[in-house]
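Assemble the complex: chain A is given as a structure, and chain B must be docked to it using the hints.
Same order as they appear, the protein sequences are chains A and B. Residue numbering for the first sequence follows my numbering, starting at 1 and increasing by one per position. Residue numbering for the second sequence follows my numbering, starting at 1 and increasing by one per position.
None of these hints come from the bench; they were simulated from the model. All residues carry an ideal CB built from backbone N, CA and C; glycine is no exception. Check the hints yourself; a few may be wrong.
No farther apart than 27 Å at their CA atoms in a straight line, the calculated lysine-lysine pairs in the DSS-like style are these [to be verified]:
{"#": "1", "chain 1": "A", "residue 1": "Lys215", "chain 2": "B", "residue 2": "Lys296"}
{"#": "2", "chain 1": "B", "residue 1": "Lys185", "chain 2": "A", "residue 2": "Lys95"}
{"#": "3", "chain 1": "A", "residue 1": "Lys319", "chain 2": "B", "residue 2": "Lys185"}
{"#": "4", "chain 1": "B", "residue 1": "Lys249", "chain 2": "A", "residue 2": "Lys201"}
{"#": "5", "chain 1": "A", "residue 1": "Lys201", "chain 2": "B", "residue 2": "Lys328"}
{"#": "6", "chain 1": "A", "residue 1": "Lys164", "chain 2": "A", "residue 2": "Lys262"}
{"#": "7", "chain 1": "B", "residue 1": "Lys296", "chain 2": "A", "residue 2": "Lys304"}
{"#": "8", "chain 1": "B", "residue 1": "Lys211", "chain 2": "B", "residue 2": "Lys225"}
{"#": "9", "chain 1": "A", "residue 1": "Lys95", "chain 2": "A", "residue 2": "Lys319"}
{"#": "10", "chain 1": "B", "residue 1": "Lys503", "chain 2": "A", "residue 2": "Lys319"}
{"#": "11", "chain 1": "B", "residue 1": "Lys236", "chain 2": "A", "residue 2": "Lys201"}
{"#": "12", "chain 1": "B", "residue 1": "Lys225", "chain 2": "A", "residue 2": "Lys123"}
Okay, the calculated bits of chain A under chain B, using three or more residues with CB under 8 Å as the criterion [what the hints assert, rightly or not]:
{"#": "13", "segment": "96–110"}
{"#": "14", "segment": "180–187"}
{"#": "15", "segment": "203–214"}
{"#": "16", "segment": "312–320"}
What follows is each chain in one-letter form.
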Amino acid sequence: MSAEENKINEEIEAAEVTETVESAEETATSEAAAVVEEKGLKKFIKERQEYVPTTTTGIYIKRYWQLYVLLIIPIIYFCIFKYSPMYYVLIAFKKYSIVQKVSEMPWAKNHGFEYFIKAFKNKDFIYALRNTITLNLLDIILGFPVPIIFALLLNELRFKFFKKSVQTIAYMPHFLSWVIIYGLALQLFAPANGFINILVKNAGGQTIHFLDDAKTWVWTYIGLGIWQSFGWNSIIYLAAISGISPELYEAASVDGANRWQKMWHITLPCIRPTIVVLLILALGNVLGSNFDRPFALQNDLVMKNAEVISTFVYKYGIKGLQFSLTTAVGLFQSIVNVIFLLLANWFSRKMGERGIM
Amino acid sequence: MKKRVLSLILVGSMIFSMAACGNTADSGQSTETPTTQTITEEPVSQSTFEGDGSEIEGGNSAEITDGKFAETRKITVEVYDRGNDGGTDPTNNMYTDYIKKGMLEDHNVEVEFVAVPRWTEVDEINNLLAAGSAPDICLTYSYPTIQTYADMGGVLDLQNLVVDNKNDLPNLWNWLGTTNMYWDKSVTDGTLWALEGKRANNNRIVTFVRKDWLDKLGLSEPTTKAEFHDMLVAFKDNADTLLGADASKMIPFSCSSDIGWRAALLIESMIDPNISDKELYVNGFDDRKYTQNGTKEAIRILNQWYNEGLLMEGFALTESADEDSYMKAGYVGAFMHNWDYIFRNGEDSINANLKRLVGDDAKFVAVDCFEASNGEYIKYCDSTAGDRKIFFPTTNDEPLASLLYLDWISDPTHIEYLQCGDEGVTHTVNADGSYSFMAATGDAIMNSGQNIDMTITCNGLHLSTDELTSKSLNNNYPPCDPEDVDKANKVANNGKKPAKNSKITSIEAETGVGEGLNAKRDQAFSLSVVAPVDQFDSVWDENMAEYLSAGGQAIMDERTTAWEGLYGSATTLE
Chain A
1 MSAEENKINE EIEAAEVTET VESAEETATS EAAAVVEEKG LKKFIKERQE
51 YVPTTTTGIY IKRYWQLYVL LIIPIIYFCI FKYSPMYYVL IAFKKYSIVQ
101 KVSEMPWAKN HGFEYFIKAF KNKDFIYALR NTITLNLLDI ILGFPVPIIF
151 ALLLNELRFK FFKKSVQTIA YMPHFLSWVI IYGLALQLFA PANGFINILV
201 KNAGGQTIHF LDDAKTWVWT YIGLGIWQSF GWNSIIYLAA ISGISPELYE
251 AASVDGANRW QKMWHITLPC IRPTIVVLLI LALGNVLGSN FDRPFALQND
301 LVMKNAEVIS TFVYKYGIKG LQFSLTTAVG LFQSIVNVIF LLLANWFSRK
351 MGERGIM
Chain B
1 MKKRVLSLIL VGSMIFSMAA CGNTADSGQS TETPTTQTIT EEPVSQSTFE
51 GDGSEIEGGN SAEITDGKFA ETRKITVEVY DRGNDGGTDP TNNMYTDYIK
101 KGMLEDHNVE VEFVAVPRWT EVDEINNLLA AGSAPDICLT YSYPTIQTYA
151 DMGGVLDLQN LVVDNKNDLP NLWNWLGTTN MYWDKSVTDG TLWALEGKRA
201 NNNRIVTFVR KDWLDKLGLS EPTTKAEFHD MLVAFKDNAD TLLGADASKM
251 IPFSCSSDIG WRAALLIESM IDPNISDKEL YVNGFDDRKY TQNGTKEAIR
301 ILNQWYNEGL LMEGFALTES ADEDSYMKAG YVGAFMHNWD YIFRNGEDSI
351 NANLKRLVGD DAKFVAVDCF EASNGEYIKY CDSTAGDRKI FFPTTNDEPL
401 ASLLYLDWIS DPTHIEYLQC GDEGVTHTVN ADGSYSFMAA TGDAIMNSGQ
451 NIDMTITCNG LHLSTDELTS KSLNNNYPPC DPEDVDKANK VANNGKKPAK
501 NSKITSIEAE TGVGEGLNAK RDQAFSLSVV APVDQFDSVW DENMAEYLSA
551 GGQAIMDERT TAWEGLYGSA TTLE
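Chain A extracted, bound-state conformation (with noise of 0.2 Å):
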């Protein structure tokens, strides 16, 4: 190979980079311009002579509607599991009877709030109030950059087989139920026959009561929920880190930059959309509460601190039999959980993110 016919190679390839470059720059609309270039300008001629209807939609929908068809299906499913109930919401505002429909049920005492005044009258409630809003944040401040730190480092392995064991490993127990996790923790934490308590009697040390002190707990709460979830949640982050361009760290080698420097001006620049998705959700969900963690965790020691509105709602409502307060509680839930998650996204919308609506 002549030294002309390579610097002609080394040309075209140059050019092919400058036009990739490009072209992930350019947006959607060029993007599908760039479709019917590649196609050719008679075929796409043709196929719009085909349609009867001649407007871009008509095309859209002809060509993709077996993916309308496909949506149908979580269409159903959101219709039977999340829409129609919301009808029932309207038990809250009114005196639940067993045997009678929503709509006969006479309506509840003060413009139908009654239920609701009960609730903020109720100390459990406001209990439980306050600490599903403490744990919820606490799991976010401290469980939150965990998933994204493991998931740096993990991006620095170099040795593949072990960064997948690694991986593997860390989000196994996002498998396990919370019953198996607590019975874990009680092997190892029960105060006086737990794995560690044993330890650090052994070494003359005092009983550390992780499970039945109220504010221990709190910190084995946090500590458990991390340790199941974090190998999880950095899967998206893996995702994300993938995507990121290798020419990006090979420029920044070229200019000297060190590992440090690149993690910190490239991998976390690229991965911050995502990042800021994730923690509006987090926000979205910070009066929301799952079930069976708080509930498998609780015990008569800690409920001061471990009661949390679902674990509440169980209680009062289904074991309880109070169905129309505890249908208000649900209902207020929700709604500060959507305006969480609208303030959450107007803000990240007011620092030059994306957001998700």
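Chain B alone, transformed into the frame defined by chain A:
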């Protein structure tokens, strides 16, 4: 632009789906109509029964002749599922077959059993009632649950049914008597939502101690609280002698987070023995006696024991199955529980396990050591009522057939067969006529002691004569020693103080707060026991104040008013 189109489509599809939902909700309602119809029909069918009642005098209605339906009726009956190891299918075994066959032959009624888990029965029956799929004959230990559903119109009023059909229900009336039939009858409006199953045996709680440990340490059985405490200390101090290498596992006094039950005798011993019926009633909402005078001092004692290391650290976290396994393995020195707890479950009973795992002489025996201030060993217990309450949900279309079932199950010969089974399979007959029970195998295994799950109107051994019953009772727990059973039975009967019926059935403040208050009470008990001794008062008072403000005080006030409305200034019931 394209984005806008897309979002428009999304919004459109959302509106469409909402509209679709409106439709599904509507169609949901239309499918609901049949059920509401059956409910509105209920009063009609009830009135036909009233009609039947008037016809009873001159022969019976066309529906049944000689207690037998012309057409086969079908009813469903709740049965507890205890899920015990090696038990039988609670809905299909030798005893259910006996009932099914008998009901079909005698009354032409087909019976189907519906299993409900025993330990979550209240939750489960709530779910079934709320879903409208509860069995025709329901039972529960929780009267407030029935009252709540009755208030919502979900329970049949039995008053006219049992009176109008009295002639067809001789066994039921004979066995339960007016006491249990009318125990839950409202004095204000005469409604009767439930029938109280009868306790043939109202033994409650006794204290068990390790007899072999006492012998090893040269101690005699404790007869007072002080001696009991000294015994616990001796167990703890001599853990090395008693348990050897396992000394660190020693639990002198075993308890669960349900302290109100598992330290009940201690609590009851601190209550004034001359307490008035009124005071018992006003504080009677909580069956663990949390608000009674004296309970605080009893828990203070327990708090001291805990701080001396006589209770297991972390007892509040221990599941009952784990606690049982500590007892069976021989780490536990003493505990309080149901009078026959150590004998239950045959070869898997606590005493049988101790004998097998620890040694021939290892066993628990019952002792009486919690004396009240007058020196008596008072044990507050239920009367003949206070056991399972039987009620019919409004979805029951066959109230008469259901009542005939209750009548059939209350027939003394049927009770005897269900409790004793076949000779040579579940029992042998002794020379004096009493039964000796043997560990059954296969389909003849009873899932509950004396088969109480099958005999829902009868709890406790009930044979043709009382003498036969008491002789047979001691032989009822093979392979446990009949003498030990006899002793536990005698201790349980010593100083019994049966509950009286206040006849006040409905207290509005009690509706829906039971679960929350019970949880608060258990927390208060546990937190007070584990508090440092010098903080006991503040922990107790703080939790008590919270309990009272969360509804406890309202209940006590309403109960006081209700009592004074019915009995005026009298403080004693007949």
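We went through each hint and held it up to the structure:
A threshold of 27 Å between alpha carbons decides the hint, and for A/Lys215 with B/Lys296 the separation of about 25 Å falls inside it, so the pair holds. The straight-line distance between the Cα atoms of B/Lys185 and A/Lys95 is roughly 26 Å, inside the 27 Å bound, and the hint therefore holds. Pair hint A/Lys319 plus B/Lys185 holds up; C-alpha atoms about 25 Å apart against a cutoff of 27 Å. Distance hint between B/Lys249 and A/Lys201 is fulfilled; the C-alpha atoms sit about 14 Å from each other, no more than 27 Å.
For a cut-off of 27 Å, the pair hint linking A/Lys201 to B/Lys328 stands: about 26 Å separates their Cα positions. Distance check on the hinted pair: A/Lys164 and A/Lys262 sit about 22 Å apart at the alpha-carbon level, within 27 Å; holds. Between B/Lys296 and A/Lys304 the alpha-carbon distance is near 21 Å, which keeps this suggested pair within the 27 Å criterion. Between B/Lys211 and B/Lys225 the CA atoms are separated by roughly 17 Å; this keeps the pair inside 27 Å, and the hint holds.
The suggested pairing of A/Lys95 with A/Lys319 holds, with an alpha-carbon distance near 18 Å, which does not exceed 27 Å. A C-alpha spacing of about 26 Å is found between B/Lys503 and A/Lys319, which places the hinted pair at or below 27 Å, so the restraint holds. Note on B/Lys236 and A/Lys201: the hinted pairing holds, with a Cα-Cα distance of about 18 Å set against a maximum of 27 Å. Note on B/Lys225 and A/Lys123: the hinted pairing is violated, with a Cα-Cα distance of about 38 Å set against a maximum of 27 Å.
Counting residues of the segment 96–110 of chain A whose beta carbon lies closer than 8 Å to any beta carbon of chain B gives 7, which meets the minimum of three for the stated coverage. Proximity of the segment 180–187 of chain A to chain B, defined as three or more residues with a beta carbon under 8 Å from a beta carbon of that chain, is not established by the 1 residues found. Judged by the Cβ-Cβ criterion of 8 Å, the segment 203–214 of chain A is covered by chain B as claimed, because 3 of its residues qualify and three suffice. By the rule of at least three residues with a Cβ nearer than 8 Å to a Cβ of chain B, the coverage given for the segment 312–320 of chain A holds, with 5 such residues.
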